[in-house]
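**Student:** Sequence:
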Amino acid sequence: MTVDRITRIRGAFERQFKNSSDLSNSFVKQIIGDNVIVEIGTFEGKYAIAVEGDFKQLDLTSTSLIDVQPISDSLHQGIVFTLLDEELLDIYIQFAYDLELLVKKDKSVQVGEVYNRYIFWQKMFKKVNQNISESIVKGLANELNLLLKYFIPTYGVTPSIKAWIGAENAHKDFAFTDGKWFEAKAINVGKNTVDISSLEQLESESIGYLTVSELEKTSPENEEGMNLINLINLVKDQIENEMILGEFYNKIVQLGFDMTITIKPEHKANTYRYILNDANFYKVDDLFPRLKKTDFSNAIASIKYSLLLAELEEFKIDYKDIEEGKYSGT
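Sequential numbering of the sequence shown, starting at 1, is according to UniProt numbering.
Bear in mind the hints are in silico, worked out from the structure with no lab data behind them. Where a beta carbon is used, it is the ideal one built from N, C-alpha and C, also for glycine. Please note that a few of the clues may not be correct.
Restricting the straight-line Cα-Cα distance to at most 20 Å, the calculated cross-link-like pairs of lysine to aspartate or glutamate (EDC-like) are [claimed, not checked]:
no. : residue 1 : residue 2
1   : Lys304    : Glu203
2   : Lys251    : Asp98
3   : Lys172    : Asp286
4   : Lys18     : Asp73
5   : Lys149    : Asp237
6   : Lys236    : Asp85
7   : Lys251    : Asp90
8   : Lys316    : Glu223
9   : Lys236    : Glu100
10  : Lys123    : Glu134
11  : Lys172    : Asp73
12  : Lys126    : Glu87
13  : Lys56     : Asp73
14  : Lys162    : Glu240
FRET-style restraints, in silico, Cβ to Cβ [said to hold, decoys possible]:
no. : residue 1 : residue 2 : range
15  : Glu323    : Phe296    : 29 to 37 Å
16  : Glu314    : Ile119    : 49 to 57 Å
17  : Ile119    : Gly11     : 24 to 32 Å
18  : Leu75     : Thr2      : 30 to 38 Å
19  : Thr154    : Thr193    : 23 to 31 Å
Hey, can you work out the whole structure from these sequences and the hints?
**Tutor:** See below:
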């Protein structure tokens with residue numbers, strides 16, 4: 001349904017663009033609320049979204065990618081968002097669709113609330129990136145799978161999205177309010193070691209969990225394998241709060257992806273498919289074989305090391321025991 005609607009919005013943009021002359025303005029209504037009308041089309045010869053409605057003075061912010069201007073004449077009042085870089089049209093169309101959902105969900109929204117939604121979307125407007133490394137793709141696939149299979153069923157969707165801090169360059173991948181933390185690692189099937197890329201990943205005063213998942217790469221045509229667009233949509237479908245959905249998307253963008261990954265199956269990152277095996281959880285406490293900052297001189301800036309999985313068997317525990325709180329605390 002989402003893809004069909006986005007396709008129709010794209011068609012409406014293209015028709016308006018084709019039918020308009022250079023530097024002309026041409027819009028078609030997209031959705032009508034109680035206080036706003038959202039229209040899509042062209043403004044001064046460029047793709048644009050117009051939001052008509054009364055609003056108090058707003059401090060409008062443009063960027064090098066989106067120009068934001070007030071509409072104010074005898075017939076119309078509102079804001080127009082003009083796309084300055086057509087390479088971002090796919091993301092811009094998603095923005096238009098998001099505004100439609102915003103008004104559809106709450107017919108009473110005001111122009112100011114729509115503008116605030118644009119402020120949130122500013123982070124999403126970035127160049128399409130088809131050169132993400134497979135290791136980054138695999139890491140995201142693993143973390144999305146952990147959300148779906150373990151954390152959302154245990155903690156709920158909102159706490160799980162908020163706990164996903166690895167996407168924000170934190171030292172741990174997941175940190176929950178009950179004190180539990182998880183460091184997620186994705187490895188190839190049969191690999192006997194796991195790489196730790198910094199001292200901070202496993203260092204904490206509280207007990208945490210090293211989570212190791214085997215991902216088996218399969219062909220792009222094998223539908224038994226999961227790709228990012230599948231996993232993203234499975235998480236997205238569980239998110240009811242629009243702000244949490246935006247936070248979820250923003251974390252994906254912070255990892256280096258662009259928003260087209262959520263709607264374009266042909267995106268290079270979506271061509272990687274994996275068979276996702278169950279994760280293994282290892283309790284990280286004072287007995288766990290890890291390196292700490294106190295083991296080294298302050299002159300040591302960074303350290304990477306690898307752990308033999310066969311030597312970690314005594315620390316392996318069932319997720320159910322973690323879930324029930326049998327292994328947690330300080």
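**Student:** All hints, please: hold or fail.
**Tutor:** Results for each hint:
For the suggested pair Lys304 and Glu203, the alpha carbons sit about 13 Å apart, so the restraint of at most 20 Å is met. Only pairs whose Cα atoms come within 20 Å are accepted, and Lys251 paired with Asp98 is accepted, the gap being roughly 17 Å. Of the supplied pair hints, the one linking Lys172 and Asp286 holds, its CA atoms being roughly 17 Å apart against a limit of 20 Å. Distance hint between Lys18 and Asp73 is unfulfilled; the C-alpha atoms sit about 26 Å from each other, more than 20 Å.
For the hint pairing Lys149 with Asp237, the CA-to-CA distance comes to about 14 Å; that is within 20 Å, so the pair holds. Taken as a hint, the Lys236 and Asp85 pair is broken in the structure, with Cα atoms around 27 Å apart against an allowance of 20 Å. In summary, the hint linking Lys251 to Asp90 is supported, as the alpha carbons are separated by about 19 Å, within the 20 Å threshold. In summary, the hint linking Lys316 to Glu223 is not supported, as the alpha carbons are separated by about 31 Å, beyond the 20 Å threshold.
Simply put, Lys236 and Glu100 have alpha-carbon atoms about 17 Å apart, close enough for the 20 Å limit, and the pair holds. A threshold of 20 Å between alpha carbons decides the hint, and for Lys123 with Glu134 the separation of about 23 Å lies outside it, so the pair is violated. Taken as a hint, the Lys172 and Asp73 pair is broken in the structure, with Cα atoms around 52 Å apart against an allowance of 20 Å. For the hint pairing Lys126 with Glu87, the CA-to-CA distance comes to about 10 Å; that is within 20 Å, so the pair holds.
Distance restraint check for Lys56 and Asp73: the Cα-Cα separation of roughly 15 Å lies within the 20 Å cut-off, and the hinted pair is therefore satisfied. Our distance criterion of 20 Å between C-alpha atoms is met by Lys162 and Glu240, whose separation comes to about 14 Å. About 35 Å separates the C-beta atoms of Glu323 and Phe296, a value consistent with the hinted range of 29 to 37 Å. The given range of 49 to 57 Å is respected by Glu314 and Ile119, whose C-beta atoms sit roughly 50 Å from each other.
Ile119 and Gly11 have their C-beta atoms about 28 Å apart, which keeps the hinted 24 to 32 Å range intact. Between Leu75 and Thr2 the C-beta distance comes to about 34 Å, which sits within the given range of 30 to 38 Å. At about 28 Å, the beta-carbon gap between Thr154 and Thr193 stays in the expected band of 23 to 31 Å.
Violation of the numbered hints given earlier is confined to hints 4, 6, 8, 10 and 11; the remaining hints are satisfied by the structure.
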